[in-house]
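Protein chains in written order, with our numbering: chain H, 1 to 315; chain B, 1 to 364.
Simulated from the structure, these hints should not be mistaken for lab results. Bear in mind the structure is a predicted one, so any value in this text is a computation, not a measurement. All C-beta atoms, glycine included, are put in the ideal place defined by N, C-alpha and C. Incorrect hints may appear among the rest.
[What the hints assert, rightly or not] With a Cα cut of at most 20 angstroms, we get these calculated EDC-like pairs of lysine to aspartate or glutamate:
(1) LYS361(B) / ASP26(H)
(2) LYS361(B) / GLU108(B)
(3) LYS361(B) / ASP196(H)
(4) LYS361(B) / GLU231(H)
(5) LYS78(H) / GLU202(B)
(6) LYS219(H) / GLU249(H)
(7) LYS361(B) / GLU197(B)
(8) LYS219(H) / ASP26(H)
[Claimed, not checked] Chain H side only, calculated, beta carbon under 10 angstroms to chain B, not exhaustive:
(9) ARG70
(10) THR83
(11) PHE100
(12) ALA102
(13) GLU110
(14) HIS152
(15) GLU173
(16) PHE174
(17) CYS283
[Said to hold, decoys possible] Sample of chain B residues lacking proximity to chain H, with all beta carbon distances greater than 10 angstroms (derived):
(18) ALA9
(19) PRO208
(20) GLY212
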Amino acid sequence: MTAAISARGLARRFGAVVAVAGIDLDIPRAQIYGFLGPNGSGKSTTIRMLCGLLVPTRGSVTVLGHAVPRETEVVRRKLGYMTQRFSLWEDLTVAENLDFMARVYDVGREMRRARIAARISEYGLAPIAGQRAGTLSGGQRQRLALAAATLHEPQLLLLDEPTSAVDPQSRREFWESLFALVAAGTTILVSTHYMDEAERCHRLAILDRGRIAAEGAPKELARAIDATVIEIEAEDLVAARRALAALPEVRSVAQLGHRLHVLMRRDTPEPERRLSAALAPHCPDARVERVGASLEDVFVAATRLKDGDPKELAA
Amino acid sequence: MSWLARLFAIAQKEVRQLARDRITIGLIVGIPAIQLLLFGYAINFDVRGISAVVLDQARTSLSRRLVGDLGATQVLGTIRQAGSEAELRGLMQEGEANVGIVIPPDVERRIAEGGRAALQILVDGSQPALENVAQGLAAMPLLRRAGAPAASRPVEILVAWNPERRTAVQIVPALCGVILTMTMVVFTASAIVRERERGNLELLITTPVTRGQLMTGKLLPYVGIGFIQVTLVLLLGWWLFDVPVAGSLLDLYLGALLFIAASLALGLFISTLAQTQFQAIQMALVTMLPSILMSGFMFPFEGMPELAQAIAQLLPLTHFNEIIRGIVLRGTRLADMGPELGKLTLFLAVMLTAAVARFQKRLD
């Protein structure tokens, strides 16, 4: 089976601003594919180009075997889209919103009744079915939006930062719903800036200033990280930090409670000993330990430590 | 089938949302009612009880009857007799009389021949409204009764359908158009821009809904609202100001439908330009004021400068005013108003094409 989405050299500029600077994508079917990136990295612009809302400045896109934007209208029937902002109608009730969306997608009368009932029970909307969408909480809105986006059983779901206004419990439930959809064969593309969400994706692309900085399964990315990760425990973390700042091979230092999390150049020989030696005069109690990379380390290494960038020490 | 089903889904959603928007519902009924009362009672172009002086040089039974008829119109209040032209001018100069009427000695022959003016009306030009009064007097049916050829006086026609020259009779039909202009354009423009502002449109345009379904579905409910407003104005006009509908009601509603469609198309076009509801309302106002001032609602169309007349030709209200005054006051058939219908249809076609061309199912 072909990829759900493939793109070559996809780029988009808004006037002088380059939002997406030429990316290649091959998103396999029946998986959750994540776009991880800071605000302004081109996540939304890319998703909007995939569903034909924006026309690429250059490059080509194929979605579910159809060229976009030429065959956008064909694609739209097979696609569900959740916008970053809640975009159902706040002055309609939950049930009315679902009914409207089902009709817009040409779901026949009988089918409509069955599917709406199914979504209402699946996504726990029964108690609020008669409530206006404007009165719902963040988590409820999001469940409603997902229910509305899946009424026509799309093959592909595009979710643009779906959990940005949602509490952790609702986020967990939301992801469980996504895995249920994937199990039924749906391909999901989700953008996020939460590490824990990115970790749940089958594959992900780390976007940075309109480019893909790294791409792969979260575990692969952690293994392939272009840095050595060291953690330091010490009494005087301020002094330790100052000492680390002087070392050219230290690329990033972040404090996590009582520890410092350090990314070093990968080609540094014997990194633990190098750091211990550098710290000894300032904080003799420092304990240095090499640890596995987290996705956050991957993200930092991929987005903020590119060649030519100033060393990232502030964070 | 599914094409219509989707269109209907959108229309129904719009009606549901409207029904929950109490203030808008209030405006739909309130705007026509308030405007009608305001314009019907407060604006009064009628001039009555003007003081006049008559110099009757003929002193025949006909001339006495002419003076009597003039008095009966109530436009002239006290009518004084002057013995000479000097006395007449004197009275006018002192402000004792604002209008002077001179009946020449050979008035009967002048009426019979129909060539020269039978009466001479002198007007105090320092008072603006009086010239209209003079024209009104000149158009009084008294001359026809005296035997003058009727066809040579086109002004007579107007007088014949509003003999008392009551403002309400002219105002009520024209108010239909003014109210539709005020509400239809703003309602549609903001209905679509609201969806853009709230982010609904971004979702809606990623669905299989076509541009045609989206636009027609959103506009359809407003056609109904337009009809409600027209009906309300005409009912109130008939009930409060005794303005009957002389022509066919079917013609009236067909004409109104065309004008509503033209106004909605304008609103639609504005909605493709505006990013916020505030901008949409400002743009609607830009078209609203000229419509109200230049369409012949406020000032007689013929009295406007040529440039203003040319601009007025671009406004749908100008043509609708012609149509509705024709149907309501003169009982004209819609089929006889080809030029107006044509211009309205042209406006509708141009606006609709522009709106559809500008409205893309994209964000860029």
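Against the structure, the hints come out as follows:
1. LYS361(B) / ASP26(H): With Cα atoms ~26 angstroms apart, LYS361(B) and ASP26(H) exceed 20 angstroms; violated.
2. LYS361(B) / GLU108(B): Answer violated: LYS361(B) to GLU108(B) is near 76 angstroms, above 20 angstroms.
3. LYS361(B) / ASP196(H): violated, 35 angstroms
4. LYS361(B) / GLU231(H): violated, 51 angstroms
5. LYS78(H) / GLU202(B): Given pair LYS78(H), GLU202(B) holds - Cα atoms ~17 angstroms apart, limit 20 angstroms.
6. LYS219(H) / GLU249(H): violated, 25 angstroms
7. LYS361(B) / GLU197(B): holds, 15 angstroms
8. LYS219(H) / ASP26(H): holds, 18 angstroms
9. ARG70: Since the shortest Cβ distance to chain B is 13 angstroms, the answer is violated.
10. THR83: Since the shortest Cβ distance to chain B is 5 angstroms, the answer is holds.
11. PHE100: holds, 5 angstroms
12. ALA102: holds, 9 angstroms
13. GLU110: This hint is violated: GLU110(H) lies away from chain B, its Cβ roughly 14 angstroms from the closest one there, beyond 10 angstroms.
14. HIS152: holds, 9 angstroms
15. GLU173: violated, 22 angstroms
16. PHE174: Nearest chain B Cβ about 18 angstroms off; hint violated.
17. CYS283: violated, 52 angstroms
18. ALA9: The assertion about ALA9(B) is violated, with a minimum of 4 angstroms to chain H.
19. PRO208: Non-interface label fails for PRO208(B): nearest chain H Cβ at 5 angstroms, not farther than 10 angstroms.
20. GLY212: Nearest chain H Cβ is 13 angstroms from GLY212(B), so the label holds.
Hint compliance for this structure: hints 1, 2, 3, 4, 6, 9, 13, 15, 16, 17, 18 and 19 are broken, all remaining hints hold.
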